[in-house]
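Each chain, letter by letter, is given below.
Number of protein chains: 2
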Amino acid sequence: MNDLRAVAVWRDGAAVRVPADQPVVSAFDQGLGRGDGVFESVLVVDGGTPYLAAHLNRLAGSASLLDLADPGASAWEALLGAVRTGWPRDVEGACRLFLTRGLGEGAPPTALALLAPVPAETLRQRTEGISVVSLGIGVPAAFRATAPWLLGGAKTLSYAVNMAAQRHARSIGADDAVLTSLEGQLLEGPTSTVVWAAGGTLHTPPVETGILPGTTQARLFDRARQQGWPTAVTPGTVADLHAADGVWLLSGIRGPATVHTLDGVPRADAGLSARVRELAGR
Amino acid sequence: MNDLRAVAVWRDGAAVRVPADQPVVSAFDQGLGRGDGVFESVLVVDGGTPYLAAHLNRLAGSASLLDLADPGASAWEALLGAVRTGWPRDVEGACRLFLTRGLGEGAPPTALALLAPVPAETLRQRTEGISVVSLGIGVPAAFRATAPWLLGGAKTLSYAVNMAAQRHARSIGADDAVLTSLEGQLLEGPTSTVVWAAGGTLHTPPVETGILPGTTQARLFDRARQQGWPTAVTPGTVADLHAADGVWLLSGIRGPATVHTLDGVPRADAGLSARVRELAGR
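As given, the protein sequences belong to chains A and B, one line each in that order.
The working numbering applies: residue 76 is where the first sequence begins, and numbers increase by one.
The working numbering applies: residue 76 is where the second sequence begins, and numbers increase by one.
Isolated chain A, as found in the complex (with noise of 0.2 Å):
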């Protein structure tokens, strides 16, 4: 499917494609040498984008926090339109969006977009569920709230811990993590939100802790609002996950995957992960 995938930079105020096989990126540029980026991966399906503003919001706050200026929706917007040109309907595909520091203070920021099919693998885990292993990382859950140094809150390009976290996770046989704090607290998957249904309402843990706001999750708590299925925002542990209706890891391009067997002991599943997956719009 290589030959599916498009690549657009944005250069002197235009997007510009330019061919997927040949490279983009300068050696000096800091989202290849610091991870001195923000990113968002962006679903395209049936020839649209039906959930971007969602992340182009949410990469202007992530470029904020890092300090990177932020081209705007209308820059973002133009380079989907440079890779989708050409991109078969029936194909889903994940497009990524780039911002980085470029060559460093003072110059401009790189901004590109890069579109491929969705991995098979993907595709296979939002149909047939995850098994997970929670691992955690060490910092309290209150601590990332008092030091914006650590860029809590922030989707950037430096997620070599949050591969290396599914790397671990899949060398012990399962598919992806759930992170926890040092007490024990739920934060969230290395690429996506933790949800859970208990006692008749969904739940999530809250962005205080650090962790990214998930688009998906925002999306799924609105309409379950509005469809009277009750949302919370709570501080939760393995064993609420453990204890849960269902759990669900929620990903922009995976949708809402259901988690069917956590730290190797197999879940209930009280039949909602359909809802779930239909509220959220995949």
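FYI, nobody ran anything at the bench for these hints, they're computed from the structure.
Beta carbons: idealized from backbone N, C-alpha and C, even for Gly.
Among chain B residues calculated to face chain A with C-beta under 8 Å, some are:
hint, residue
1, Phe114
2, Leu187
3, Thr231
4, Arg242
5, His243
For chain A, the structure is supplied; the task is to place chain B on it using the hints.
Frame of chain A, contents of chain B only:
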């Protein structure tokens, strides 16, 4: 000085010099999109790289911690040779070696070298010393040794927090930062190793805290011991730095930078910096 930059990439088993002002990395490279890679910064001075072996040794260790295939010392030496071709002997250079996960699991890693003059501000700090602030990272000193997914001891491309800590330091009038654990134990600088002199001994924090093993610190300590200056690995605090006879942040490019101010308080200078600089080799 931009015309002095040089870049070389590893292609088909050979180092290939490429124009420094042209893109060299794919938008899909996991080093860019995930900060999923490792690096070293090697000083180029007097036409040579006198401390290369220690950097290549640490790079191999970082690669192992991230399950990355290291192309090996001969590949890095070839890349270094390619970027050093034509480099003027009288200009100090900072050579970055990058190893990334390339296009992802199963694909070959990306290996490249980039060389640029040492920034004037770095040379100034080496000579004039630095003002430093202490910033917590919120993790207990003993935690990272129990959690390999946090990549303690690996020098990864995911330096967004390191850069944010330095930006935060500059925003409050300092030059750099010293990071501390949840309990207030000394860890490291965002791009350096902490060393202090007290009781006739040179001290540095234990690597079991998850900090990087410092190449310049190791060289300094080896030479100090040879000359009868005792060294010790010591869990310390910011109070120990205030009380010390000398404090330095050590890095390969800047060398030992004397900390003349700590959290806004001027530090006494017992006149040890010249000897530290001489022993460290710069």
